[in-house]
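Asks: Residue-level listing of the chains:
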Amino acid sequence: MKPYISLLKVRYLNGLQYRAAALGGLATQFFWGMMLVFIYKAFYKDGTASNGFSYGDLVTFVWLQQAFLSLTYMYDWDSEMLNMIVSGNICYELTRPINLYQLWYVKLLSKRLARGTLRFAPVIILGFLMPPPYNLSLPASSTSFILFVLTLLMGVLLLVTISMLIYISVFKTMSPIGSVGIFSIIGEFFSGMTIPVPLMPLWLQKICYILPFRWAADFPFRVYSGNIGTHEAMAGIGVQAFWIALLFLTGSFMMKRISRLSVVQGG
Amino acid sequence: MGLYFKYMSLLLKSHLQYRGSFIMTVITQFIQPFALFAGIFLLFERFGSVGGWTMYEVFMCYAVVGASFAISTCFARGFDTFDNLIRNASFDRILVRPRGIILQVLGSGFDLKRIGHLLQTIVVLIIAILWGDIGWDMARVVMLINMLLGGSLIFSGVYMLQAAAAFWTIEALEVANIFTHGIKEHASYPLNIFPKWITVVFTFIIPFGTINYIPLQYLLGKIDGPGWLYAFIPLMGGLFIVPCVFVWKLGVGKYSSAGS
Numbered sequence: 016m017k018p019y020i021s022l023l024k025v026r027y028l029n030g031l032q033y034r035a036a037a038l039g040g041l042a043t044q045f046f047w048g049m050m051l052v053f054i055y056k057a058f059y060k061d062g063t064a065s066n067g068f069s070y071g072d073l074v075t076f077v078w079l080q081q082a083f084l085s086l087t088y089m090y091d092w093d094s095e096m097l098n099m100i101v102s103g104n105i106c107y108e109l110t111r112p113i114n115l116y117q118l119w120y121v122k123l124l125s126k127r128l129a130r131g132t133l134r135f136a137p138v139i140i141l142g143f144l145m146p147p148p149y150n151l152s153l154p155a156s157s158t159s160f161i162l163f164v165l166t167l168l169m170g171v172l173l174l175v176t177i178s179m180l181i182y183i184s185v186f187k188t189m190s191p192i193g194s195v196g197i198f199s200i201i202g203e204f205f206s207g208m209t210i211p212v213p214l215m216p217l218w219l220q221k222i223c224y225i226l227p228f229r230w231a232a233d234f235p236f237r238v239y240s241g242n243i244g245t246h247e248a249m250a251g252i253g254v255q256a257f258w259i260a261l262l263f264l265t266g267s268f269m270m271k272r273i274s275r276l277s278v279v280q281g282g
Numbered sequence: 523m524g525l526y527f528k529y530m531s532l533l534l535k536s537h538l539q540y541r542g543s544f545i546m547t548v549i550t551q552f553i554q555p556f557a558l559f560a561g562i563f564l565l566f567e568r569f570g571s572v573g574g575w576t577m578y579e580v581f582m583c584y585a586v587v588g589a590s591f592a593i594s595t596c597f598a599r600g601f602d603t604f605d606n607l608i609r610n611a612s613f614d615r616i617l618v619r620p621r622g623i624i625l626q627v628l629g630s631g632f633d634l635k636r637i638g639h640l641l642q643t644i645v646v647l648i649i650a651i652l653w654g655d656i657g658w659d660m661a662r663v664v665m666l667i668n669m670l671l672g673g674s675l676i677f678s679g680v681y682m683l684q685a686a687a688a689f690w691t692i693e694a695l696e697v698a699n700i701f702t703h704g705i706k707e708h709a710s711y712p713l714n715i716f717p718k719w720i721t722v723v724f725t726f727i728i729p730f731g732t733i734n735y736i737p738l739q740y741l742l743g744k745i746d747g748p749g750w751l752y753a754f755i756p757l758m759g760g761l762f763i764v765p766c767v768f769v770w771k772l773g774v775g776k777y778s779s780a781g782s
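Residue numbers (the working numbering), protein chains in the order written: chain U, 16 to 282; chain R, 523 to 782.
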């Protein structure tokens with residue numbers, strides 16, 4: 016366990032260095048959030064059937080989504096790792112005396128955490144400062160706030176297991192663009208990042224609830240606004256834990272198999 | 523012009539060397555925008571209309587913006603990735619050659635893979651044309667073509683500004699994404715749903731309104747007026763590229779090499 020924790024720490028601190036990039040990202044996220052709340056405003060004005068998901072819930076959802084984008088987006092493009100798979104440099108990683116799955120898991124996790132730390136606060140503050148009704152509101156209660164933090168962190172752990180499965184698929188397809196591109200579109204859609212899950216038709220919602228993706232984004236954000244109550248939220252943490260365990264074990268198993276079968280070309 | 527086609531065919535050949543990867547990228551480019559498209563579709567399922575515009579009208583808006591974006595990323599990709607040329611000082615090589623600088627930068631990055639995205643927007647455009655209720659006439663056909671032309675010019679202009687910024691900052695400005703990807707994502711909706719100041723910015727400063735909202739109002743029969751005038755408004759918007767070229771030239775004049 017110890018090497019992983021120190022790796023997590025080193026990588027996390029390293030990730031915190033990219034402050035200029037974070038600033039650029041901040042402007043983009045703020046602009047995105049603003050455009051989205053305006054667009055949805057127009058939709059909510061024209062239609063009334065919002066299915067128990069009020070405009071206030073939606074605005075909060077949008078700002079949290081933009082603020083914590085680094086923790087919840089699917090399209091995780093780590094060129095260093097992807098190149099390793101395609102170019103065969105992965106054999107150096109394989110010689111290390113630690114488990115490859117866990118090593119990469121920690122790398123991806125620390126990158127997300129560092130980015131998240133750098134980027135979330137300014138967007139949250141700007142979100143609070145927006146004129147009503149476009150502003151981010153306070154959490155429904157202190158309990159829902161604590162549950163939000165918990166579920167969000169569990170969500171990151173879950174998301175990284177999904178990213179790992181995508182990366183493992185690159186071993187088979189040998190096309191990073193294809194694998195990461197297509198899987199992340201599907202994942203992003205079903206996690207409620209394209210449009211919030213409650214605004215989807217019922218049959219699509221059912222699909223979302225069966226799949227693991229929404230537990231990483233849709234779920235924590237709605238816990239914050241109280242759209243998902245505390246009892247349901249606590250039960251949800253159990254579901255998150257179940258998915259993390261399942262996908263982590265599946266990923267480890269597949270990684271082990273695939274690295275045994277893979278042939279490194281060239282000398 | 524002949525030289526530009528030479529560049530294009532060379533780049534195309536080099537992309538096609540990795541045929542599998544090329545095809546995979548095109549497919550991804552084709553599928554990727556469907557998420558955004560599905561999002562728009564589902565929102566209309568839920569809410570019915572937006573700002574008085576129906577689904578097919580918004581599809582039209584989406585397709586025009588998306589296609590312009592795809593065309594300009596295909597041809598003006600050299601400006602999008604221009605900061606690389608500055609950082610590794612390849613731009614020095616361009617400067618010493620006895621050919622146009624803009625031509626050479628364009629030639630450095632023709633990217634046919636974007637055709638996937640273009641195809642997707644064409645599919646949407648066809649859907650919008652077939653199901654939308656549009657009274658086609660000559661002026662409207664010319665208008666549609668001009669919208670794509672004007673839109674591609676505006677997007678290319680933004681790419682040029684982004685590239686020109688690299689003369690001063692050396693690295694790419696991520697902020698410019700707001701005006702390329704941001705507009706691609708959000709300009710699918712009619713401008714009247716936004717607050718006044720956004721409308722003003724997108725009409726007079728970065729004139730995207732002139733390639734979708736203003737002419738589409740006429741095209742879709744929402745307003746009456748001199749059709750041929752509306753048909754050429756998008757080209758007026760396309761003039762946006764003129765000051766961009768000017769800023770770019772200013773940047774080239776200031777350039778001092780970063781390499782050795």
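FYI, nobody ran anything at the bench for these hints, they're computed from the structure. Owing to the predicted nature of the structure, the values given are computational and were not obtained by experimental measurement. Among the hints, erroneous ones may be present.
Okay, the calculated bits of chain R under chain U, using three or more residues with CB under 8 Å as the criterion [unchecked claim]:
#, region
1, 541-552
2, 562-570
3, 666-677
4, 729-737
Backbone N, C-alpha and C fix where the C-beta goes; we use that ideal spot for every residue, glycine too.
Asks: State for each hint whether it applies.
Replies: Status of the hints after comparison with the structure:
Given a C-beta distance limit of less than 8 Å, the hint that chain U covers the region 541-552 of chain R holds, as 6 residues qualify and 3 suffice. With a threshold of 8 Å between beta carbons, the proposed coverage of the region 562-570 of chain R by chain U holds, since 6 of its residues qualify and at least three are required. Chain U is given as covering the region 666-677 of chain R, and this is violated because 0 residues of the stretch bring a CB closer than 8 Å to a CB of that chain, at least three being needed. Counting residues of the region 729-737 of chain R whose CB lies closer than 8 Å to any CB of chain U gives 0, so the stated coverage by that chain is violated, three being the minimum.
The earlier numbered hints that this structure contradicts are 3, 4.
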